[in-house]
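Novice: Chain residues, written in single-letter form:
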Amino acid sequence: MNPDPRIIAFCCCNCAYAAADLAGAMRASYASEIAIVAIPCTGAVEPTVVLAAFEEGADGVIVAGCLDGECHYKSGNLRARERVNVLRSMLETIGLEPERLEMYQVSAAMGTRFAEIASEFAGRIRGMDPSPVRKPRGEGGEPG
Amino acid sequence: MIVAEPKSFGELVEMVGDHRRLLVASCSGCTAVGGVGGVRQARELACALRIHFRIRGVELATEVAGVTRQCDPEFVAELDGAVDRNEAVLSLGCGVGVQFLADRFNRVPVFPGLNTRFAGGLTAAGIWEEKCRLCGDCILHLTGGICPLTRCAKGILNGPCGGSQDGLCEVGDGMPCAWQLIYERLSSLGRVGLLEQIRRPRNWADSGGGPRRLGNGGAGE
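Which chain is which? The protein sequence lines are A and B, in order. Going by my numbering, the letters in the first sequence line up with residues 51 to 194, in that order. Going by my numbering, the letters in the second sequence line up with residues 2 to 222, in that order.
Only chain B is shown next, with the shape it has when bound in the complex (with noise of 0.2 Å):
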């Protein structure tokens, strides 16, 4: 999943300016999720915004409205009304949820109410680690089901590197060795051997150059 944190409240101050009619938006995916951008964290931050902005002597109004998912123009439509009441979004998507929120209601300015960060999943209570590099070249069945373009500090395709120390990578902070973990992974499953082979460098076109596009639209379903 798509994983965010909030930017700093003085950021989101001066996006909503003037603007005296917010919609804050929340999203039900991934962003709820993470704990972030769902409608309660939407109404916190809507009644937070309202207060800071009454301290400052300024009366701003505000609806929150949420949407199953930002990121897809039929639930985001159903946002129209709700925006037409308004002067200005705060969405609490990803970065791809702003951008669909923006490209429908060009009529009024969508801010982003998140950083997103890197596409991951929950390893400990409120944890969140990056697990894709959403390279759009998937190595995974080489490599155990870890990846090293991911979870390697170096990102490199052939590894470990001479700065593997008991398991640990040189970079610190408690960060295990990717490739000492793929090594272990694929000596228990009995495909170390994997190893011996050495990984050319891998095909970066289809990592960037532009947005990258998906699907037939529905041909075929």
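Okay, chain A solo, but in the shape it has when bound (with noise of 0.2 Å):
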């Protein structure tokens, strides 16, 4: 169990950064534990920066990008998924569950959906152990 989880989500800013807005405006409440960083598309979101994120310490990370065929980029958010598969399979041979990864799909106008799948994912990452990657308390692990 793990009460005070750290989840990073990767939002994309034409869909689920703009559903998270609206969730907040439609004052819908979801987990407080989860850090958005607006990114310009799913698509962008290299292995590097969400292995980062595993590594500074995060116990979940979520990648939320468009609907299929409502990707700005034409075929951002399905090369996401795609990256996003390769990416659970590598956290399991390394030594991390891959349910601590996972990618989401809302539209601009889905922010009590956004909300739903914030507060499910939060959950989910609640039930599991902190992460083994999490350093100590004072080495820059934790927030201040």
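Hints listed in this document are in silico derivations from the structure and should not be mistaken for laboratory results. No experiment lies behind these values; they were computed from the predicted model shown. Where is the CB? At the ideal position from N, CA and C, for every residue including glycine. Treat each hint with caution, since some may be false.
[Unchecked claim] Sample of chain A residues at the chain B side, in silico, Cβ under 7 Å:
id, residue
1, Pro97
2, Ile144
3, Gly145
4, Pro182
[Claimed, not checked] The list that follows gives simulated cross-link-like pairs (lysine to any residue, SDA-like), each with its CA atoms no further than 20 Å apart:
id, chain 1, residue 1, chain 2, residue 2
5, B, Lys8, A, Cys63
6, B, Lys8, A, Arg129
7, A, Lys124, A, Cys63
8, B, Lys8, A, Val136
9, B, Lys8, A, Ser139
10, B, Lys8, A, Glu142
11, A, Lys124, B, Ala126
[To be verified] Covered stretches of chain B (in silico footprint by chain A; criterion: 3 or more residues with CB under 8 Å from a CB of chain A, positions within the stretch not fixed):
id, segment
12, 39-46
13, 51-58
Hints are included, so try docking the two chains, each in its own frame, into the full complex.
Specialist: Below, the structure is given as structure tokens:
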């Protein structure tokens, strides 16, 4: 169990980031442990960025992009989905549970859905042990 | 180009062993084009190794450095400083690159990060196919530009054999019969008469028996 998980959500600014914004405007509550990082397109999320999040101690990582057929760069979300699949296998190989990484697809109008998936993912991560990569307190692994 | 594939992560971890400062050396030549040995892959691998070792309670320090080609001493020399700062080198070059690094940096162990497979090219997105066996005695002018030594499962010089069915090789896996391809190509070129000549067993003397060498040292340039 992990009562205080650290979750990074890489959100495409054309859809998921706007959906998170809408969730806030709608006063929909979701897990506060999620730190959102706006990105131009999920296709721009290189594997090293996701791995770096885990290396820095993230307990879970979300990659949230547009619905199929709605990527502003045509196929960035599809590439991201393939990359996430490859990364999940890689996580398992190196010793982390693949469930710590998930890709979601939402539109900018899906504020409520964003709140749902954020809470659902946070619940999953809370149910797991803290990341074994997480540095002990005082070594730069915990937020100030 | 040289086609290679990544070694299993477990193998790499075993190679790294007790070394705590590792240089991951990328190559911008063939293996980078093949998507297994470039700077990007080196960074991913270095990060994956650091995470894995930290889970095991060990801090592994990595450095990523790349060169244009690991098969050229002039470029390999650019790694001098990086090698000095590390205890071991994990090369993402082909087997040639690994040996060039090992020759120059005999103070530290140099590990191969890839399995070097063959000389080939891209036939579909992300699919690399062997096209040349590097035999040293090319007969492509006689076979319509299709190498039977490489692309025929039996490597025969006078084909097709009895296992050619509907243009496919009996070995299966949807592999086309190279000799059927050769027949069709020579037919379209109007040179099918070449198939009437019986090819004698080829001379394998130049295909092995120690490392092959080529060149005149730049004389005449």
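Novice: List in ascending order the numbers of the hints, as given earlier, that are violated by the structure.
Specialist: Of the numbered hints given earlier, those the structure breaks are 5 and 6, listed in rising order.
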